[in-house]
Structure formats: structure tokens, C-alpha cells
Amino acid sequence: MKFQFESIADFIAMNGHGPYVWASYAITFAVLIFLLVSPLLQKKAFVKQQIKQQKLAQANNSASELTE
Amino acid sequence: MAWQWFHRLGSPRWFYEKTTPWLPWLATLSIALIVTAAVWGLAFAPADFKQGNSYRIIYIHVPAAFLALAGYYIMAISGAVGLIWKMKLPFMVMKSAAPIGALLTFVSLVTGSIWGKPTWGTWWEWDARITSMLILFFLYLGMIALQQAFQHRDTADKASAVLALVGMVNIPIIYKSVDWWNTLHQPATIKFTSKSSIDPSMLYPLLTMVIGFYVFYALVLLLNTRVEILRRENRTQWVNDLISTTNKRA
Amino acid sequence: MTESVTEAAIPLLELRNLGCERDERLLFSGLDVQLFPGDVVQIGGPNGAGKTTLLRALAGISTDFHGQIRYAGQALPEAAWEFAGDSLYLGHLPGIKKALTPAENLEWYKAQSGAAISIGDALAAVGLYGYEDTPCYQLSAGQLRRVALARLHLSCARIWILDEPFTAIDKLGVSQLEALIAQQSAKGGVVILTSHQDLSLPQLRMVNLQDYQSARDKTKIGLGSLSDGDAYHA
Amino acid sequence: MTESVTEAAIPLLELRNLGCERDERLLFSGLDVQLFPGDVVQIGGPNGAGKTTLLRALAGISTDFHGQIRYAGQALPEAAWEFAGDSLYLGHLPGIKKALTPAENLEWYKAQSGAAISIGDALAAVGLYGYEDTPCYQLSAGQLRRVALARLHLSCARIWILDEPFTAIDKLGVSQLEALIAQQSAKGGVVILTSHQDLSLPQLRMVNLQDYQSARDKTKIGLGSLSDGDAYHA
Amino acid sequence: MRDNSPAASLLGGFIASFRRDLLIAARHKAELTNPLVFFLIAVTLIPLGVSPEKTVLALLAPGIVWVMALLATLLSLDGLFRSDYDDGSLEQMLISPQSLYFTVMAKVLVHWLVSGLPVTLLAPVLGLMLSLPIEGYLPLLASLALGTASMSLIGAVGAALTVSLRKGGLLLSLIVMPLYIPVLIFGASAVQTAVQGGAIGMQLAVLGAFLALAIVLAPIAALGALRISTNG
Amino acid sequence: MRDNSPAASLLGGFIASFRRDLLIAARHKAELTNPLVFFLIAVTLIPLGVSPEKTVLALLAPGIVWVMALLATLLSLDGLFRSDYDDGSLEQMLISPQSLYFTVMAKVLVHWLVSGLPVTLLAPVLGLMLSLPIEGYLPLLASLALGTASMSLIGAVGAALTVSLRKGGLLLSLIVMPLYIPVLIFGASAVQTAVQGGAIGMQLAVLGAFLALAIVLAPIAALGALRISTNG
Ligand code: HEM
Ligand SMILES: Nc1ncnc2c1ncn2[C@@H]1O[C@H](COP(=O)(O)OP(=O)(O)OP(=O)(O)O)[C@@H](O)[C@H]1O
Ligand SMILES: Nc1ncnc2c1ncn2[C@@H]1O[C@H](COP(=O)(O)OP(=O)(O)OP(=O)(O)O)[C@@H](O)[C@H]1O
Ligand SMILES: [Mg+2]
Ligand SMILES: [Mg+2]
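Chains B, F, L, E, G and W, in that order, are what the protein sequence lines are.
Be aware that the first sequence starts at 1, since it is given in the working numbering, and climbs by one per residue.
Be aware that the second sequence starts at 1, since it is given in the working numbering, and climbs by one per residue.
Be aware that the third sequence starts at 1, since it is given in the working numbering, and climbs by one per residue.
Be aware that the fourth sequence starts at 1, since it is given in the working numbering, and climbs by one per residue.
Be aware that the fifth sequence starts at 1, since it is given in the working numbering, and climbs by one per residue.
Be aware that the sixth sequence starts at 1, since it is given in the working numbering, and climbs by one per residue.
Hints listed in this document are in silico derivations from the structure and should not be mistaken for laboratory results.
Among the hints, a few may not be true.
Below, a list of computed lysine-lysine pairs in the BS3-like style, where the Cα atoms sit at most 30 Å apart [claimed, not checked]: (1) Lys171/E / Lys98/E; (2) Lys55/B / Lys44/B; (3) Lys176/F / Lys55/B; (4) Lys171/L / Lys171/E; (5) Lys18/F / Lys88/F; (6) Lys2/B / Lys117/F; (7) Lys176/F / Lys54/W; (8) Lys43/B / Lys86/F.
Derived, one-sided and incomplete: chain W residues facing chain F with beta-carbon distance under 8 Å [as the list claims (entries may be wrong)]: (9) Ser51; (10) Thr55; (11) Asp86.
Predicted model only: the values in this text are computed from it and were never measured.
Cβ atoms here follow ideal geometry from the backbone N, Cα and C, with glycine treated the same way.
All chains should be modelled from the sequences, with the hints used to inform the complete structure.
As C-alpha cells, this is what we get:
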């Protein structure tokens, strides 16, 4: 188990295959991060919307109690 | 007893609450595995004597391809369970699995395509496996399109479950046909490096990554299903309470 | 509700604690109705009360309901085949092919029911004598509905489920249809229908769906008020 | 026919010797009607009499007619543009997109008419308060018709042409709609409508299409009798 | 009061549905020729777009004819249950006391008679236009006959799933096309192999097996899909 | 009582229609991607049916991509006025006091944005899959952009003519396809010429001229056709 490249620049260049390898990894990790983050964001949006609705419902309730 | 458990599994609330403690474990494990394997594969695994460094793409390409295929079966089987036992939860799993699977298929296609350029000198080749993967991608797209096309949720669930089942019956047929078609034409192009030739020093990071991807898939599927559960049960008391408590904590 | 329990027999059709929801909004619940031979029931309620939803559930088109529907003492999913042979449903859509003539359209239905009356007679009975061979796209709105209504003459079914059968029908037609319903009731059949018009049928029983909405719903403005956020079963 | 010639002014809408035929069968002919501001006319006649055909000709959708339609003293083909801006037609089909919400549907119509009232108010006026953002495919038959009827509130047109506007509408809705028509008449508008129900509008004038059928036709059974082989104009 | 011997009802339902659908098809004469004309025109576009050279066309002929036949079948699928759904007949069909398996079979059979069969019969003419070698004609006929029948059956499932959707046409293509690929592969290969002088027994046998499988399974799946579509 | 300055009404009608149609398209998200997916799948069928060999595919690429883009546009045409007709909006549109030329233009524009444009943008990817030589990509984009716009416009006339017919889809293809042939010929030839190293100014100029002509004439013809279709 040893670092296979002479230098960091070498590591990035990968004997000319760098662009291919790094592009693949970049795309893959972008997708993985999207997969992970999107449900979290969706949940956040959902909670926000739900809280808004709860407030609305409460406002409605107190209003209708007043009129009755 | 077993049946009781099975039916409780059908309860979204039970599922939601039971899986909450799993999430941090799954997240930690999957991130650890994937990062380890990526570093290992990119920096420490030896270069392939024929393909040089470009082969390092294998560490994401193959796990993505595995999960893409497995994901279809997971989706179809949950659809079948939902249809047969008339449970809600499996439909939510099925619905969440479709975009994940499609994206993983996409990843495997794109990484494979990028890999092709330095190895075959071309972006695309009508190889049997590649072609099958493309068709799998279409099957996923069909699932997603059908799901979104319906406005009534119940109908969307059941209809896409039927499609997933039909697709599942067809996948082996499609694979065999494409394989046969490809051997018929005997393309003179390079074959994939055969499995046996892969050196253990290259194999271990791959295995690590495959396991990492499986755990990651489970995590993401869970997260998506949980959001779906919340959306569908948004009128129930328990979700309301859950929202209130998060609201107070925030 | 006053039940007309004339005999201790099993009701031909029975709804037990029936409830329907659409998109998780409960339309009505706890509906209990027993229908004995001879009964005619008009389902009432304002627009959007759930009448069509109820009739579709009764006819077996939709299975989105809670509670039980029993046909001649058997729960429906089991007796579905017998029920299908003994019931006739006419919905908002007439189920008539515009490309075919009235006679050709009815042939398919006649093949199912095996009634004795000829198609020509059935068409004449709904005032379409002479239109047997006119393609249906050339018919007016009311004439098209009449073709669908001709099925009532062609059927041997005891249970009729009619969703707004009087739509687009002229006055004479309405009174003829009322007579037909009365006749079906006299023959020992059961008729369930919706309509926003007042009918002049002596045997008529009303079931108002508004009575089966949850308590909170009714406090709101009756007409077309959306009850979101409540009335969901937990 | 008794014409209410209250002033010597030009009628807002005038039918002169109007006749319609479908597939070379004459439905009616010699129809002469003058409509002054404030008039409400119900076109009567049994199913298939030609009511829809007449209204479509009036609205400018069909041009298959004989005789003349005059708007504010001008013959129609010439004054078509002004007439289009001053008239509103509601047919058997509601003209509502099921994928859109009621509010989105009405926006398009509002952009045309430039009325002052807001869409929300118009929907509330037809009893759809709270349904602004429900997609229309989730509405019941009557609710869908109500969305179409909301256009009556959104329009500044003086001439309303309504083909069976009461279809699928519940009782409360019917009386509200009648009030709306009375109001339009009071504002100096003109309403032409068909319906098989009796309306309780004081200003109502009836025009029965059967009176304008050719003599031989009337000797046959009135209801839905096909007059084939004769009644063709030579 | 009612006489409904099961066997009579089964067969009766099949025949009644079959006759009705054929009648409707016959009433819309223009539509009858539609898949055919699409097939004809789409194949004609190829020489215009690609190349009018005989050698090139001969090379392409089996594949192009098969692909276009597939598309023609596909595009005619949309109407399979659509009009029944729109006018309420489908509801009536589903609550009728007849065996729905046979009703669906009758519909699919009519669809094939109206689209797959004419396309098959026209294919040799198009083969001629694309300079298909003489050995290809019989295999073309045989493979298309078997293949279009399978495609009608499989397509019925897709048509049933999308029946309640507006503009379902292209969605239907998306769903169904991947399922058609095995049929296309074996069908086109049968013709190609025959042109190159090979034996095509295997390909035809596989196409036959597909058809048998489809006859058993497809109507059941379609029926389930129809019930689901109308439930909403 | 009413304020209807003609200019405001013209533009207002265009914008209102445009927004409404875009909204409907956005509401049916799945349908948005349909022409695209059809295009993708139909092109994929070719290697499966014909041959996966690179040399063969490169030869076919320009023609096949163009033919399939044409078919994808064609198949998405059916919905252009259909749903408006079905729900009565079309009647309302025709009797509305707005300039119908702009209303039709708005509809066509939305159609192109939703079908022609995405197909054009996807075409290079498919070119890649069919091993299209590198010189072909820009001409492919340019010719498809011009060509699909003309096709949307011409297609609108066909869609208007067939709107009152049930299952108009295939009849529509039949009417419209012959009109598309000139577009196809010049479009495919532009790509082919470019691949062979020739100049393609002439082809693009002709496509541009078609487009200009279509913008002026097609909406008027479509309008007339709509009036005729709804008159019956
Ligand atoms: C778009 C292009 C490609 C696609 C869609 C694709 C697809 C796949 C799939 C589905 C698998 C999993 C196979 C299995 O589970 O047995 C796989 C494995 C593999 N692919 Fe690719 N591939 C592509 C291009 C490439 C290229 C260009 C290379 C290298 C030259 C490559 C090398 C491999 C290797 C080495 C494996 C693992 C070997 C094995 O498991 O047998 N792939 N690929
Ligand atoms: N498209 C058509 N082609 C030929 N004849 C038609 C067509 N549409 C209607 N007709 C005929 O014209 C006559 C009048 O039809 P119309 O729709 O105007 O009647 P209506 O008075 O509106 O009837 P209803 O009360 O049923 O709505 C009918 O006899 C019908 O058969
Ligand atoms: N496809 C649907 N999805 C969701 N909700 C729906 C759907 N169809 C109807 N609804 C809702 O269900 C309720 C009942 O509808 P239904 O058609 O049963 O009413 P109805 O009593 O028949 O009314 P009408 O008198 O107008 O015919 C309505 O409020 C409507 O908004
Ligand atoms: Mg109703
Ligand atoms: Mg009418």
C-alpha cells in the first residue's frame, strides 16, 4: 500500500488520463451529493410549508371562534 | 408473530420512527467507506499495466452499475408487495427508488462513456452490456414519467407498480436478447478486462466501494422514503406533532 | 332515516357504515342504507358532496371506500360477479360510441343482458324511433343521453344505479323516465339515482349526503366549502 | 310572438328570418326575434329541436344558417369583431382545462374581457371559495360547470348566450344563477338561454323552436321524430 | 329471470366485443389505413434523408423496415382503449358480467387485424423499394406476422396504463419501446440472416415463444392496468 | 364600458395565450420530456435493428437523426389544439375578440420550445452515439434549429385540420409528412455536406427562407383550418 504517484501534480495529471478520471469522479460525487442533499432539502421545505399551514389553521380557528 | 411484524412494516409511522436512529449510522458508514475506497482507488491502488490510470474509473463505474440493476429489482419487488398486500409503504419505497436508480444508471453510463475515450478512443460503443444499460435507463425513465403523469396518487402507485413488474419480467429477456444480438455482430472492439485478471490490490478497494455504494443506496432510499411518508401523511396527528416539536426546537 | 322494513328478509343491497374519501379528504362516512325490492332512493347533496363518488363505488368501478357494500346478503368483493350481472350503471358519461349508430351501440349491451325486447323497440321507447341508423355524432345532447337510457329497457338487472339520468332530457322525456323508474320499482327492482331536480315519484326516499359529513364540516358554509386540515381519519 | 318594443331604438340583437339545417334537414326556419336591452329569452323545444344549433350560429361558431343575424343594427359577418367583444357564449362543453386550477383557467378569459372584479371574487360568487388552487380534474361535475359560470361574473359583455347553463348545478346554484341573469337584464344586457327546466324569471320570454318547424313536420309525433325524405328545402 | 351459462357468456362476450370493435374500425375507414401510411411514408423518408444508393439501402432494408413497422404499431396503440375510456364504455366493460380476459383479447385482436396485419402485408413492397434481396421476403413476412402480434399484446399493457392520461401518446411510446427491443432484435436478425443465407429457425422459434408468453400474460396485465386506471 | 385599444389587445392576447400554454406545459412536466425521449429511443433502435458497426452508423447518422427528429416533432403535434378542442377552449378562442394570428403563434411557439428546441439540443449526443464525425455537430444544431421551427409551424396547419377527428394522430402524420420532405432534404443534406467537407451556406439559407415563409403563412392557414374544423 503506497502512494502511486511521484508528486501531487503527477497525481492530478495521471499520465494524461487525469481529465477523464477526475471528470468521472466529479460527476459521480456530484450525483451522490445531490442524492443525499435533495431529500434533506425536501424535508426542510416540507416542514416549513407545514408550519405555515399550521399557523394559518390556528388563525382560522381563532377567527371562527370569535364569530361564533 | 411474523405476520404481525409484516403488517407493522406496512405502517408508515412505525417505519418512520423505527428508522430514525439508523440514519446517523448509515451516513457515517457509507461516507467512511466511499471516501476510503475513493482515496484508495485513486491514489494507492497500482495502475493497470494495459490501461494505465484511466482504469481507476472502475471504482465508481462498476458499483454504480451494480446498484442501478439491483435498484430496479428493489423497486419492482416493493411495487409487487404493495400491490399484493395492499400496503402503502412499499409504494413509497418504490416511488423513491425510481429517480435514485435512474441517476445511478446515468452515472454508470457517463463514467463508462468517459472511460471509453482513453481506452477505445471513442465515447460510445454498441457493446452488449452498454446497450442493456441504456435500455435499463429507458425503463427507469418510463417509470418516472408514468409516475409523474398521474394526478391521482393511488393510481400512480398501482400503475407504476404494474409497469415495474412487467419491466422486471422483461429485464432478463432484454439482457439475453441484447447479448445474443451483440455476439451475432461480433464487434471487433476491445472487451472489458476479464474478471479473473483483476489483481487483489485492485479488487479490495473495488469491493469496499461496492459495499459503500450499497450502504449509501440504503441511506438515500431511506431518506427519500421518509420524506415521501411525511408528504403523504401530512394530515395525520403524528406528523403534525412531529412538525410542532421540530418547530419548537428550532 | 326511516327504513321501510316491510319484511324480515335480507335487503337486496345494503351499505354498512360506508365512507368515501378523495385525495384523503373525507367526503362522507357512516352511511347505512338498506334497500329492499321496490325501493327508489335519490341521493341528494350540493355539488361536490360526493354523489358520483358514492355511485361509482356502488357500481364497482371504484374501490376507494371504507365500510361494506352487501348484495343479497353477501359482501361485494365476493359476490362481484353476480352483482355485475344484476346491476346497471349509467354515469355522467353515456358509454356510447359516437361513430356507431344507436342500434349498433346497444347491441353490445343487449348481448350482455340477454333481454327479450328488441333494440328497435327500446329505441322507440325512448323517443328515438327513426334514428336507429343515424350515427351518434349527429345526435343532439339529449338524444345521445336517450340512447344511453335505452339500456334501461334492454336490461334484466334488478339494481339500477343512475347518475343524473335527467341531464339534457326534455320535459316529456323526464316524465317518461319517471314512469319507467316507477315501473322498475313495481317489478321489485331497486333504483338509486342522483338528481338536482325534484322528482314526482311516490316511492321515493331521499338520502342526503350532507347528513353524513363530519360535524365540523357542517359548521362551514355548506356550498362547496373545502374542509382541508381536518376530517381526515387519523 | 309579442315583441316588447318599448322604444323605437335599434334592437341589440336581431334574428331575421333565421333558419338552420343539419345535413340538409331543415330544423327550423323563419325565426324572427328582436332583442332589446333587458330582454331574457329562453329557447324551448324538445331534444333535437335545434337549440344548440341555433346558439352556435348566434355565437358565431357555426355559419351554417340562412337569414340574417344583426348586432346593433349591423349584419353579423361585418360586425363580427365588435360582436365578439360584446358577447359571451357558454356551450355544452365548459371550455375549462382540467390540468389547470380554476384561477388559472379564468385568467385567460379575464385577460380578454378586462373586467374589474377579481378572479377570487368571481369564484367565490359561484360558491367555489377555497377551490382557487385545486386542479380542475379534482372537481365534481357541478363544480366544473361552476368554474365556467364564473366567467359570467368576469365579463363585461352585454349579450350572454348560454346553452343549458343549469346542467349539473344544485338547487341553490340554480337560484343564484337566476338572480345573476335577472341582474344582467336589469343592467341592460341581453340573455339567450336554453334549458329544459322551468325558470322563475319575471322578464322571461319563451321562443319555442317547434313553432318554427315546417308544417308537415309538426303532424308527426313531436318528440324526436326524424323527418327524413321531406322537409328538405328544394 | 336471467340465463347466464358461464361458457356461453365467455364466448358471447368475446364475439360481441370483437364484432363491435371491428365495426368501429370499419366505420373509421380513414383510420384503418393510418398505420399503413405512416409505415409507408416513414420508410420513404429514409432514402431521402440517408442516401438513395442501392447498396446502402439493401444493407439497411431489414433493420429499417422492422424499426418503422415497430413505430407504426406503437403509434396506433394509443387509441386501443382511449376512446372507450373517453365515452364511458370502459367503465361499462369493467363492470360487465363477462370474462374481461376475452374482452381484452378481442380488442387486441382487432388492433392487430387493423394495424399489424396490413403492415406485415405491405412490408414486402417496401422491401422492394429499399432493394431488399429476394431471400429476405418470406422471412420478413413471417417475422413481422409473429412480431407485430406480440407487439400488439405487449402494447396493450402500455395502452391500458396510460388510458386515463391526456396526451398519453408519447408516454406510451416511452413505456413500451424498451419492451419491444427483444422482438425487434430477433425479427430484424431473422431477415438479415436469411439475406446472408443463414438458417432462421431459431429466430422464428424465439418470436413464437414471445408470442405465446404474451398471449398468456399480457391480457392479464392489461386488465389489471385498466382497473387501476379507471379507479382514480 | 369596455376599453380595448387594438394594439394592447393584440399583444395582450399573445402574452395571455403564451403564458397559459406554457403553464399547461409546465403542469404536465412528464409530457415535456416526451418528444425528447421518443427521439432518444427511436434513434437507439437503429443500431439494434440495422447494425452496431461504427462505419455503417456514421454513414447513417445525419439522415437518421434528422428523420427521427422529424418524427418526434410530428408526433408531438397532435396535442397542439386537441385538448383545446376537447374541452371547448377552442370555440372560445375563435369567438374571442383578439387577434387570432397571435394566439396561434403563441401556441406554436410554446410547442417549439417544448419539442423542437430540446430535440435540437439533444441531437449532438445522439450524433455521438451514432459516431457522427466531428464536423457534423454544428451544422446538425443549426439545421435542426431552423428546421424544427418550420416543422412546428407547418405542423400546426395539419393539427388544425385534424383537430375535430378522434385518433387524428396518424392522419395528421399523413397530411404533414409530405410537407416536411423539403425541410428534411435540405436539413440532412446540410449535415452530410459538412461531414464531407463541403460548404453548407446554401442549405441553411434555404431552411431560413422556409422558416420565414412559414412564419407568415402557416398561422393564417392554421387559423382558417381551425375555423373549418369547428364549424361542423
Ligand atoms: C457507456 C459505457 C459503459 C457502460 C454503460 C458500462 C456498463 C457496465 C456495466 C453495467 C457493468 C456491470 C457488469 C456486471 O454487473 O457484470 C460494467 C462493468 C465493467 N465495465 Fe463498463 N460500461 C461502459 C464502459 C466501459 C468501459 C469503456 C470500460 C473499460 C474499458 C468498462 C469496463 C468495465 C469493467 C472492467 C467492468 C467490471 C468487469 C466485470 O464486472 O466484469 N466499461 N460496465
Ligand atoms: N354534427 C351533426 N351533424 C348532423 N346533424 C346533427 C349534428 N348535430 C346535431 N344534429 C342534428 O341536429 C338536430 C338538432 O341538434 P341540436 O344539438 O341543435 O338539438 P338541441 O335542440 O340542442 O337538443 P338537446 O335538447 O338534446 O340539446 C338533431 O336532430 C341532431 O340529430
Ligand atoms: N379525481 C378526483 N380527485 C380528487 N378529488 C376529486 C376527484 N373527483 C372529485 N373529487 C372531489 O370529490 C368531491 C365529490 O365529487 P363528486 O363528483 O362525487 O361530487 P358530486 O356529489 O357528484 O357533485 P355534482 O353534483 O357536482 O356531480 C368533490 O369535492 C371533488 O372536488
Ligand atoms: Mg356528480
Ligand atoms: Mg343542445
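Results for each hint:
no. : hint                : in the structure
1   : Lys171/E / Lys98/E  : holds, 25 Å
2   : Lys55/B / Lys44/B   : holds, 17 Å
3   : Lys176/F / Lys55/B  : violated, 57 Å
4   : Lys171/L / Lys171/E : holds, 18 Å
5   : Lys18/F / Lys88/F   : holds, 16 Å
6   : Lys2/B / Lys117/F   : holds, 28 Å
7   : Lys176/F / Lys54/W  : holds, 22 Å
8   : Lys43/B / Lys86/F   : holds, 26 Å
9   : Ser51               : holds, 6 Å
10  : Thr55               : violated, 11 Å
11  : Asp86               : violated, 17 Å
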